[in-house]
Amino acid sequence: MADDGVGYYKSDEFPLLGLVTAVCCGNRSERERFSRSVDYYAYCVARYGVSDTQARVMTAAAHNPAAEDQLCVPTHEQLVAIVDAMVLELTDAVPSPVVQAYKLDPHLTHLFPTLDNLYAYYVIGTGAAPDANWRVPLLAEFDQFGTFIW
Amino acid sequence: MNLSSTLFEWSRTVTGAGAVIDERSAQALVRYIVELDFGCDNYYVETRLSSLPQTDLLLAFERYSPNLTRLQQRVRRLARDAAPASQSAWRTAEQFLERWLSPADPLHEAVSTVWLEFDDVLRPLSEAAPSLSACAVPAYSACFEPRKANAPAIAGALQIAHRALCGADGNSTDFQRMNMAIERLPSNGRFIHLSHMAARNSADVKLYGVVPRAEFVTYLERIGFAGNLARLAELLNSLYTRELCGEDLYFDLNLSNMHSPRRASLGLAFSQQQVVAAASQEGDRSALLARLRGIGLCDAAQASALAEWGAYGSQSGSWSKPWVRRWLDLKCVMNASGELESKAYLGFAQRRSPFAVASLPHPIEHAPP
Chain A
1 MADDGVGYYK
11 SDEFPLLGLV
21 TAVCCGNRSE
31 RERFSRSVDY
41 YAYCVARYGV
51 SDTQARVMTA
61 AAHNPAAEDQ
71 LCVPTHEQLV
81 AIVDAMVLEL
91 TDAVPSPVVQ
101 AYKLDPHLTH
111 LFPTLDNLYA
121 YYVIGTGAAP
131 DANWRVPLLA
141 EFDQFGTFIW
Chain B
151 MNLSSTLFEW
161 SRTVTGAGAV
171 IDERSAQALV
181 RYIVELDFGC
191 DNYYVETRLS
201 SLPQTDLLLA
211 FERYSPNLTR
221 LQQRVRRLAR
231 DAAPASQSAW
241 RTAEQFLERW
251 LSPADPLHEA
261 VSTVWLEFDD
271 VLRPLSEAAP
281 SLSACAVPAY
291 SACFEPRKAN
301 APAIAGALQI
311 AHRALCGADG
321 NSTDFQRMNM
331 AIERLPSNGR
341 FIHLSHMAAR
351 NSADVKLYGV
361 VPRAEFVTYL
371 ERIGFAGNLA
381 RLAELLNSLY
391 TRELCGEDLY
401 FDLNLSNMHS
411 PRRASLGLAF
421 SQQQVVAAAS
431 QEGDRSALLA
441 RLRGIGLCDA
451 AQASALAEWG
461 AYGSQSGSWS
471 KPWVRRWLDL
481 KCVMNASGEL
491 ESKAYLGFAQ
501 RRSPFAVASL
511 PHPIEHAPP
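Protein chains in written order, with our numbering: chain A, 1 to 150; chain B, 151 to 519.
To be clear, the hints were calculated from the coordinates, so they are not data collected in a lab.
It is possible that part of the hints are untrue.
The following label-pair restraints were derived from C-beta to C-beta distances [to be verified]:
# : chain 1 : residue 1 : chain 2 : residue 2 : range
1 : A       : N133      : B       : G488      : 55 to 61 angstroms
2 : B       : Q245      : A       : S29       : 19 to 25 angstroms
3 : A       : A129      : B       : S337      : 22 to 28 angstroms
4 : B       : L386      : A       : E77       : 58 to 64 angstroms
Among chain B residues calculated to face chain A with C-beta under 10 angstroms, some are [what the hints assert, rightly or not]:
#  : residue
5  : F188
6  : N217
7  : T219
8  : S283
9  : S291
10 : C293
11 : C316
12 : G317
13 : E397
14 : R413
15 : S421
16 : Q422
17 : D479
18 : R502
19 : S503
20 : F505
Given the structure is predicted, the values throughout are model-derived calculations rather than measurements.
Where a beta carbon is used, it is the ideal one built from N, C-alpha and C, also for glycine.
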């Protein structure tokens, strides 16, 4: 697929929501663009139009101690910062009119139902209004990644 | 990365950890993980706090986990080499996985997560066999409100899972009891997973689910639960309080003994959903552990060590190993006479995150101001 440097899930009105959705639930090629970036900051700013502050929140994990697998996984506090930046972006926001959008990865939207709903409501203009306290389940979706039984 | 060494290190270095997992059991757990060689990256260690010590190991696999082919190959091999006494349980696991990993099989869509449980790791692996649990709620590890899941879809998934786990037809007692328990659920109750303890002599079948607090006792009456409901009502005011559990109660219903006044048991879980729903987000469960300690269901050393396990990762500055996630679950099982046995579940997994960024190069340092 031709690529003009614009993120598949980019939103002019909600750039951070578009970026987070791309990273978490985007199709494989878009996710790989992020995970294989040599410059995450540039990816966030150039491809999704997020602000400097938002890009720094998204790439803060680069400052964590290097893990054995050479990935820097965000700490809980860093995930809280991402969610809080999203809250800031979406506070008092008005959802977009219905627009066409690239399909998200259905296996991943299962794992991020709150994020999927936020993107559908604000960016695509088709979803149901999210619960008022969406911050809590969204943080849990970002932070769980452990399969609990109870 | 070595998850099992993390557990071993914890058991040796944290004050009180020896009262939760003694050194011999910790060594046995590491040996099990290595010898099973399932490529698993998500574990529970289950340990009894208030009765004769026993340490069990649970391994979790989601439908889209990596290494499922390796799991299947290893289970085939272990089933082939199993001791006669454990062959049946291994064959059940082998056949279940064979179907679950076939996308065309209804079991593949019905079950989102499978846990393999090995009881008493002090027994040699050559004598052990797995019991399986199958989760019917889609994407359960991201589902913090299972009561909103599609009820008919879950009921259908549990029926498929039961047939695959128990190999029974629709006439078996457990199958009929399961359907009755599902049909009589209140509209805002859900069952979540089904367990067949194939490796135990009892071969019990258990359903895990959630019911609103206000309807819990009446629901159990409606399904003919023969356990001690007076004692249960008392526990709802003393241990399973609103303060500690909120409005949703998570429970493990043993279908095999639920109608026996002398055997009926009930598991009462303190779930991750309750941690997430609670305003305090109390991962270390310190208030709950204090309550358990107050009624003699754990001692001070256990409470201290378990709180440390649960707190890991939820406090600033504790990220010495950011690729490991740890969490703590607790459960009490009430027997027919109303006595409680407490258990701790020490969860640990490789942390994964879509936001992970490679440590080198350090892109943010080159970013414009």
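Hints, verified against the model:
Taking the beta carbon of each, A:N133 and B:G488 are about 37 angstroms apart, not inside 55 to 61 angstroms as hinted. Between B:Q245 and A:S29 the C-beta distance comes to about 37 angstroms, which lies outside the given range of 19 to 25 angstroms. With their beta carbons about 23 angstroms apart, A:A129 and B:S337 fall inside the hinted range of 22 to 28 angstroms. As the Cβ distance of B:L386 to A:E77 is approximately 36 angstroms, the hint placing it in 58 to 64 angstroms is violated.
This hint is violated: B:F188 has a C-beta 14 angstroms from the nearest C-beta of chain A, more than the 10 angstroms allowed. Interface restraint check: B:N217 against chain A, minimum CB-CB distance 14 angstroms, threshold 10 angstroms, status violated. Of the supplied interface hints, the one on B:T219 is violated, with its beta-carbon coming no nearer than about 17 angstroms to a beta-carbon of chain A, more than 10 angstroms. Hint status for B:S283 relative to chain A: holds, with the closest Cβ pair at about 7 angstroms, below 10 angstroms.
At a threshold of 10 angstroms, the smallest CB-CB gap from B:S291 to chain A is about 5 angstroms, leaving the interface hint in force. Annotation: interface hint on B:C293 holds; nearest CB of chain A at approximately 8 angstroms, less than 10 angstroms. Hint on B:C316 is violated. Least Cβ distance to chain A is approximately 19 angstroms, over the 10 angstroms limit. Annotation: B:G317 was flagged as interfacial toward chain A, and the flag is violated, the nearest CB pair being 23 angstroms apart, outside 10 angstroms.
About 15 angstroms separates the beta-carbon of B:E397 from the nearest beta-carbon of chain A, more than 10 angstroms, and the hint is not met. At its closest, the beta carbon of B:R413 sits 22 angstroms from a beta carbon of chain A; the interface hint therefore is violated under the 10 angstroms criterion. Proximity of B:S421 to chain A holds as hinted, the smallest CB-CB distance being about 5 angstroms (cut-off 10 angstroms). About 4 angstroms separates the beta-carbon of B:Q422 from the nearest beta-carbon of chain A, less than 10 angstroms, and the hint is met.
Of the supplied interface hints, the one on B:D479 holds, with its beta-carbon coming within about 4 angstroms of a beta-carbon of chain A, less than 10 angstroms. Annotation: B:R502 was flagged as interfacial toward chain A, and the flag holds, the nearest CB pair being 5 angstroms apart, inside 10 angstroms. For B:S503, the interface hint holds, since its Cβ comes within 10 angstroms of a Cβ in chain A; the closest pair sits about 5 angstroms apart. At its closest, the beta carbon of B:F505 sits 5 angstroms from a beta carbon of chain A; the interface hint therefore holds under the 10 angstroms criterion.
Violated hints for the displayed structure, listed by number in ascending order: 1, 2, 4, 5, 6, 7, 11, 12, 13 and 14.
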